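Colleague: What follows is the residue order along each chain.
There are 2 protein chains.
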Amino acid sequence: MEKQERKVSMAVVKRLPRYYRYLSDLLKNDITRISSKTLSQRMGVTASQIRQDLNCFGGFGQQGYGYNVASLYKEIGNILGVDKAYTTIIIGAGNLGMALAKHNNFEKRGFRLIGMFDVKQELIGQKMRGFEIKHMDELPAFMKKYRPHIGILAVPKEGVTVVAQKLVELGIKGLWNFSYVDLRMIGEVEVENVHLSDSLMTLSYKINQK
Amino acid sequence: MEKQERKVSMAVVKRLPRYYRYLSDLLKNDITRISSKTLSQRMGVTASQIRQDLNCFGGFGQQGYGYNVASLYKEIGNILGVDKAYTTIIIGAGNLGMALAKHNNFEKRGFRLIGMFDVKQELIGQKMRGFEIKHMDELPAFMKKYRPHIGILAVPKEGVTVVAQKLVELGIKGLWNFSYVDLRMIGEVEVENVHLSDSLMTLSYKINQK
DNA sequence: TAGATTGTTAATCGATTAACAATC
DNA sequence: TAGATTGTTAATCGATTAACAATC
Chain A
0 MEKQERKVSM
10 AVVKRLPRYY
20 RYLSDLLKND
30 ITRISSKTLS
40 QRMGVTASQI
50 RQDLNCFGGF
60 GQQGYGYNVA
70 SLYKEIGNIL
80 GVDKAYTTII
90 IGAGNLGMAL
100 AKHNNFEKRG
110 FRLIGMFDVK
120 QELIGQKMRG
130 FEIKHMDELP
140 AFMKKYRPHI
150 GILAVPKEGV
160 TVVAQKLVEL
170 GIKGLWNFSY
180 VDLRMIGEVE
190 VENVHLSDSL
200 MTLSYKINQK
Chain B
0 MEKQERKVSM
10 AVVKRLPRYY
20 RYLSDLLKND
30 ITRISSKTLS
40 QRMGVTASQI
50 RQDLNCFGGF
60 GQQGYGYNVA
70 SLYKEIGNIL
80 GVDKAYTTII
90 IGAGNLGMAL
100 AKHNNFEKRG
110 FRLIGMFDVK
120 QELIGQKMRG
130 FEIKHMDELP
140 AFMKKYRPHI
150 GILAVPKEGV
160 TVVAQKLVEL
170 GIKGLWNFSY
180 VDLRMIGEVE
190 VENVHLSDSL
200 MTLSYKINQK
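These protein sequences, in sequence, are chains A and B. Mapping of the first sequence onto numbering that gives the first Met the number 0: position 136 corresponds to residue 135, and the numbering continues sequentially without gaps. Mapping of the second sequence onto numbering that gives the first Met the number 0: position 159 corresponds to residue 158, and the numbering continues sequentially without gaps.
Simulated from the structure, these hints should not be mistaken for lab results. Please note that the accuracy of each hint is not assured.
In silico SDA-like cross-links for lysine to any residue, where the CA-CA straight-line distance does not exceed 25 Å [to be verified]:
1. B/Lys205 x A/Asp82
2. B/Lys101 x B/Gln120
3. A/Lys73 x B/His194
4. B/Lys6 x B/Arg50
5. B/Lys107 x B/Val190
6. A/Lys107 x A/Ala84
7. A/Lys133 x B/His102
8. A/Lys107 x B/Lys156
9. A/Lys156 x B/Val44
10. B/Lys205 x A/Val190
11. A/Lys209 x B/Lys165
12. B/Lys165 x B/Val118
13. B/Lys156 x A/Glu187
14. B/Lys13 x A/Val190
15. A/Lys209 x B/Met184
16. B/Lys13 x A/Gln208
17. B/Lys209 x A/Gly170
18. B/Lys101 x A/Val193
19. B/Lys13 x A/Asp197
20. B/Lys101 x A/Ile123
21. B/Lys101 x B/Tyr179
22. A/Lys126 x B/His102
23. B/Lys83 x A/Leu195
24. A/Lys107 x B/Tyr179
25. A/Lys209 x A/Ser196
26. A/Lys101 x B/Met127
27. B/Lys13 x A/Arg14
28. A/Lys209 x B/Lys143
29. B/Lys107 x A/Gln208
30. A/Lys101 x B/Leu195
31. A/Lys156 x B/Gly109
32. B/Lys156 x A/Asp24
33. A/Lys165 x A/Phe130
34. A/Lys83 x A/Phe56
Covered stretches of chain A, going by a simulated chain B footprint (3 or more residues, C-beta under 8 Å) [said to hold, decoys possible]:
35. 15-22
36. 77-88
37. 114-120
38. 188-196
39. 202-209
Predicted, not measured: the structure shown is a model, and the values here were computed from it. All C-beta atoms in this analysis are idealised placements derived from N, C-alpha and C, irrespective of residue type, glycine included.
Make a model of the complete structure from these sequences and hints.
Modeller: Encoded structure:
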């Protein structure tokens with residue numbers, strides 16, 4: 000896990016979750032070792048790329064043998080911070096917010112939802128995964144008490160900048176933004192924008208060009 | 000709109016929806032013309048990149064003037080296929096499927112949801128945007144009658160390959176896949192995979208590396 | 001030991017940025 | 001016309017792939 004003198008490029012980082020997923024599948028199928036070549040065939044990438052990518056973080060393999068699936072899985076998990084058990088809160092209990100809350104894939108990947116906030120009175124108090132949806136007014140006290148790491152933004156785009164700013168002031172570490180605006184925060188917070196419409200339009204482009 | 004002898008790279012294509020969005024904002028603010036330089040500052044990219052990107056599709060600008068916002072917006076929309084009014088169906092009426100169905104941003108971008116399918120009896124017949132959720136058994140007849148362009152896959156990953164295969168056989172043009180599996184279809188269909196967990200883990204990485 | 005496969009350096013390819021002549 | 005800004009070519013930068021010595 001040691002290494003990484005120079006900054007790892009985002010192109011590499013964005014491939015890590017995919018490796019993690021494939022290793023998880025291998026593990027489920029009781030495969031204990033894998034070579035970069037075999038994995039490359041499964042994933043549809045080059046073996047060279049896999050070795051290059053992994054070597055950004057350390058020499059996880061063994062010459063003549065390949066990689067031990069279980070330990071590589073664990074290493075990548077550590078790099079991604081899965082072991083950190085990051086806690087999340089969702090801002091916005093609309094359709095998307097609710098769907099994200101009920102989705103349990105994230106819990107499986109080590110992220111724990113501990114709070115959900117909205118401003119609509121009819122939503123406040125509603126039960127969700129063992130806690131109640133709270134009003135935004137309670138956010139500061141909640142943040143102080145539980146110090147969640149990640150804020151999931153599922154609010155209309157009009158409100159997102161203000162909410163994001165508030166969360167940053169209250170010490171959030173990362174923002175996962177689903178609002179249709181490019182959040183570009185300054186300072187200590189990390190941001191990942193998810194623009195579903197962009198993805199749909201990319202698909203549309205591909206269909207349209209045929 | 001003419002041009003494009005050689006294949007446009009995916010890096011460029013994936014930036015088009017973002018241009019489209021910024022142009023939409025400019026339009027709303029009654030800005031009629033914009034130079035690549037001004038736009039580049041707004042978007043946080045280089046002016047050079049904007050000009051290069053747009054010139055993959057044609058010369059939309061005018062020397063000494065810049066770009067006309069309304070017409071560039073329209074051109075990019077055409078390239079993306081917004082004018083085609085592609086129709087969609089959602090497979091899987093779980094939390095995510097429901098949230099996507101109720102989300103109206105996609106309609107705004109020119110995509111019209113015309114059907115929703117599941118296998119769970121308790122969901123069948125439920126009203127959604129003016130139509131009823133149907134059983135998967137009715138899919139072939141529906142496809143034959145309405146010829147939807149895009150299938151939105153919001154089913155558990157175990158079932159997704161079979162469903163995708165069926166949709167392809169029935170003539171779907173594109174698949175927007177939310178299941179946590181890399182769909183790689185052969186043949187005529189275009190696929191766009193959305194892996195929310197991957198995105199969350201990328202955010203986690205960034206937080207973890209600080 | 002011989003065979004396999006890594007880690008890593010070097011070569012290639014593609015994408016981004018810079019520069020500038022063309023032109024509105 | 002002079003100034004602005006494009007479209008496009010050339011230069012740079014970064015990412016991917018190939019090659020191979022190191023080594024299990």
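Colleague: All hints are to be evaluated individually against the structure, with a verdict given for each.
Modeller: Checked hints:
1. As the CA atoms of lysine 205 of chain B and aspartate 82 of chain A are separated by approximately 14 Å, the hinted pair is consistent with the 25 Å bound.
2. A distance of roughly 21 Å separates the Cα atoms of lysine 101 of chain B and glutamine 120 of chain B; the hinted pair therefore holds under the 25 Å criterion.
3. Restraint check for lysine 73 of chain A and histidine 194 of chain B: satisfied, since their Cα atoms lie roughly 20 Å apart, inside the 25 Å limit.
4. For the proposed pair lysine 6 of chain B and arginine 50 of chain B, the alpha carbon gap of about 17 Å is at most 25 Å, so the pair holds.
5. Under the criterion of a C-alpha separation no larger than 25 Å, the hint pairing lysine 107 of chain B with valine 190 of chain B is consistent with the structure, at around 22 Å.
6. At most 25 Å may separate the alpha-carbon atoms for a hinted pair to count; lysine 107 of chain A and alanine 84 of chain A meet this at roughly 10 Å.
7. For the given pair, lysine 133 of chain A sits about 23 Å from histidine 102 of chain B by alpha-carbon distance, which is consistent with the 25 Å threshold.
8. At roughly 14 Å between alpha-carbon atoms, lysine 107 of chain A and lysine 156 of chain B fall within 25 Å of each other, so this suggested pair holds.
9. Straight-line distance between C-alpha atoms of lysine 156 of chain A and valine 44 of chain B comes to about 22 Å, which keeps the hinted pair within the 25 Å bound.
10. A C-alpha spacing of about 9 Å is found between lysine 205 of chain B and valine 190 of chain A, which places the hinted pair at or below 25 Å, so the restraint holds.
11. About 21 Å separates the Cα atoms of lysine 209 of chain A and lysine 165 of chain B, which keeps this hinted pair within 25 Å; it holds.
12. Restraint check for lysine 165 of chain B and valine 118 of chain B: the C-alpha separation of about 14 Å stays at or below 25 Å, so the hint holds.
13. Only pairs whose Cα atoms come within 25 Å are accepted, and lysine 156 of chain B paired with glutamate 187 of chain A is rejected, the gap being roughly 36 Å.
14. The suggested pairing of lysine 13 of chain B with valine 190 of chain A holds, with an alpha-carbon distance near 19 Å, which does not exceed 25 Å.
15. With a CA separation close to 15 Å, the supplied pair lysine 209 of chain A and methionine 184 of chain B stays within the 25 Å bound.
16. Note on lysine 13 of chain B and glutamine 208 of chain A: the hinted pairing holds, with a Cα-Cα distance of about 14 Å set against a maximum of 25 Å.
17. Using a Cα cut-off of 25 Å, the hinted pair lysine 209 of chain B and glycine 170 of chain A holds, with the two alpha carbons roughly 14 Å apart.
18. Proximity of lysine 101 of chain B to valine 193 of chain A is assessed by CA-CA distance (about 18 Å); at most 25 Å being required, the pair is judged to hold.
19. For the given pair, lysine 13 of chain B sits about 8 Å from aspartate 197 of chain A by alpha-carbon distance, which is consistent with the 25 Å threshold.
20. Taken as a hint, the lysine 101 of chain B and isoleucine 123 of chain A pair is honoured in the structure, with Cα atoms around 21 Å apart against an allowance of 25 Å.
21. Taken as a hint, the lysine 101 of chain B and tyrosine 179 of chain B pair is honoured in the structure, with Cα atoms around 22 Å apart against an allowance of 25 Å.
22. Restraint check for lysine 126 of chain A and histidine 102 of chain B: satisfied, since their Cα atoms lie roughly 22 Å apart, inside the 25 Å limit.
23. About 19 Å separates the Cα atoms of lysine 83 of chain B and leucine 195 of chain A, which keeps this hinted pair within 25 Å; it holds.
24. As the CA atoms of lysine 107 of chain A and tyrosine 179 of chain B are separated by approximately 12 Å, the hinted pair is consistent with the 25 Å bound.
25. A hinted pair counts as satisfied when its Cα atoms are at most 25 Å apart, and lysine 209 of chain A with serine 196 of chain A qualifies at roughly 20 Å.
26. This hinted pair checks out: lysine 101 of chain A and methionine 127 of chain B have alpha carbons roughly 20 Å apart, not beyond 25 Å.
27. This hinted pair checks out: lysine 13 of chain B and arginine 14 of chain A have alpha carbons roughly 17 Å apart, not beyond 25 Å.
28. Proximity of lysine 209 of chain A to lysine 143 of chain B is assessed by CA-CA distance (about 21 Å); at most 25 Å being required, the pair is judged to hold.
29. At most 25 Å may separate the alpha-carbon atoms for a hinted pair to count; lysine 107 of chain B and glutamine 208 of chain A meet this at roughly 21 Å.
30. Between lysine 101 of chain A and leucine 195 of chain B the alpha-carbon distance is near 14 Å, which keeps this suggested pair within the 25 Å criterion.
31. For the hint linking lysine 156 of chain A to glycine 109 of chain B, the alpha-carbon distance of about 19 Å falls within 25 Å, and the restraint holds.
32. About 12 Å separates the Cα atoms of lysine 156 of chain B and aspartate 24 of chain A, which keeps this hinted pair within 25 Å; it holds.
33. Annotation: proposed proximity of lysine 165 of chain A to phenylalanine 130 of chain A holds, straight-line Cα distance about 22 Å (limit 25 Å).
34. About 18 Å separates the Cα atoms of lysine 83 of chain A and phenylalanine 56 of chain A, which keeps this hinted pair within 25 Å; it holds.
35. Counting residues of the region 15-22 of chain A whose CB lies closer than 8 Å to any CB of chain B gives 5, so the stated coverage by that chain holds, three being the minimum.
36. For the region 77-88 of chain A, the assignment as covered by chain B holds, since 6 residues bring a beta-carbon within under 8 Å of that chain's beta-carbons and 3 suffice.
37. Only when three residues or more bring their CB closer than 8 Å to a CB of chain B does the claim for the region 114-120 of chain A stand; here the count is 0, and the claim is violated.
38. For a cut-off of 8 Å, the count of residues in the region 188-196 of chain A with a CB near a CB of chain B stands at 7, and the three-residue condition holds.
39. By the rule of at least three residues with a Cβ nearer than 8 Å to a Cβ of chain B, the coverage given for the region 202-209 of chain A holds, with 7 such residues.
Violated hints for the displayed structure, listed by number in ascending order: 13, 37.
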